[in-house]
Amino acid sequence: QQQVKQSPQSLIVQKGGISIINCAYENTAFDYFPWYQQFPGKGPALLIAIRPDVSEKKEGRFTISFNKSAKQFSLHIMDSQPGDSATYFCAALLRDSGNTGKLIFGQGTTLQVKP
Amino acid sequence: DAGVIQSPRHEVTEMGQEVTLRCKPISGHDYLFWYRQTMMRGLELLIYFNNNVPIDDSGMPEDRFSAKMPNASFSTLKIQPSEPRDSAVYFCASSRLAGYNEQFFGPGTRLTVL
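These protein sequence lines map, in sequence, to chains A and B. Residue numbers for the first sequence follow our numbering, so the first one is 598 and each next one is one higher. Residue numbers for the second sequence follow our numbering, so the first one is 6 and each next one is one higher.
I should point out that these hints are in silico values taken from the structure, not numbers from a laboratory. Be aware that one or more of the hints could be misleading.
[What the hints assert, rightly or not] 27 Å max Cα-Cα, derived DSS-like pairs, lysine-lysine:
1) A/Lys668 x A/Lys655
2) B/Lys29 x B/Lys83
3) A/Lys602 x B/Lys29
4) A/Lys665 x A/Lys602
5) A/Lys639 x B/Lys83
6) A/Lys612 x A/Lys711
7) A/Lys639 x A/Lys602
8) B/Lys83 x A/Lys612
9) A/Lys655 x A/Lys602
Start from the sequences, fold in the hints, and give me the full structure.
Written out as structure tokens, the structure is:
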């Protein structure tokens, strides 16, 4: 029940196209849903995040869509660029007694944007 | 700020040897996390600390793994004895206490056990 399922495993998109990555979860105790971006040889870095009381969050070309009833959320990358080529991880936060907790990560999606 | 610092960046060792990975979190961060990344299992949380105290070590694979945080600016992850299946990239991350906190990841240590 603590899993976050991510799809697809890999994605190839033409420059200028839209990249869509989907995640699903079961545990309703999750209350924060970040997306992390990882370039080869680097650690993951926070890209964008959303709380479950919001259905959509947009930052530049990146948008998270959140469907609480379906327990699904997705990342949309508009006007995809070769520089967006990276591995993307969705995650969900399982809070502890404090103000943070542990992130449960999806399996990752390797995105390749072709010029 | 230099960000999260990990050492060594690469480690090659033989099966049965002890391996110690090191991490210096960002100053002022109250939480420290150790992750392991492999192709098969993705990014797994091994253990995390709050104010130097281990909070959840349920992800530690077995007794061969141990982690310590003797002070706010240093943590170690030790594997003894190491096995080939421990080969992976190990990440350390840190975050602040309050709010919906971003975790800042270090560059990772690539461990190869022969």
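Cross-check of the supplied hints:
no.	hint	in the structure
1	A/Lys668 x A/Lys655	19 Å, holds
2	B/Lys29 x B/Lys83	15 Å, holds
3	A/Lys602 x B/Lys29	31 Å, violated
4	A/Lys665 x A/Lys602	15 Å, holds
5	A/Lys639 x B/Lys83	22 Å, holds
6	A/Lys612 x A/Lys711	6 Å, holds
7	A/Lys639 x A/Lys602	23 Å, holds
8	B/Lys83 x A/Lys612	44 Å, violated
9	A/Lys655 x A/Lys602	22 Å, holds
Hint compliance for this structure: hints 3, 8 are broken, all remaining hints hold.
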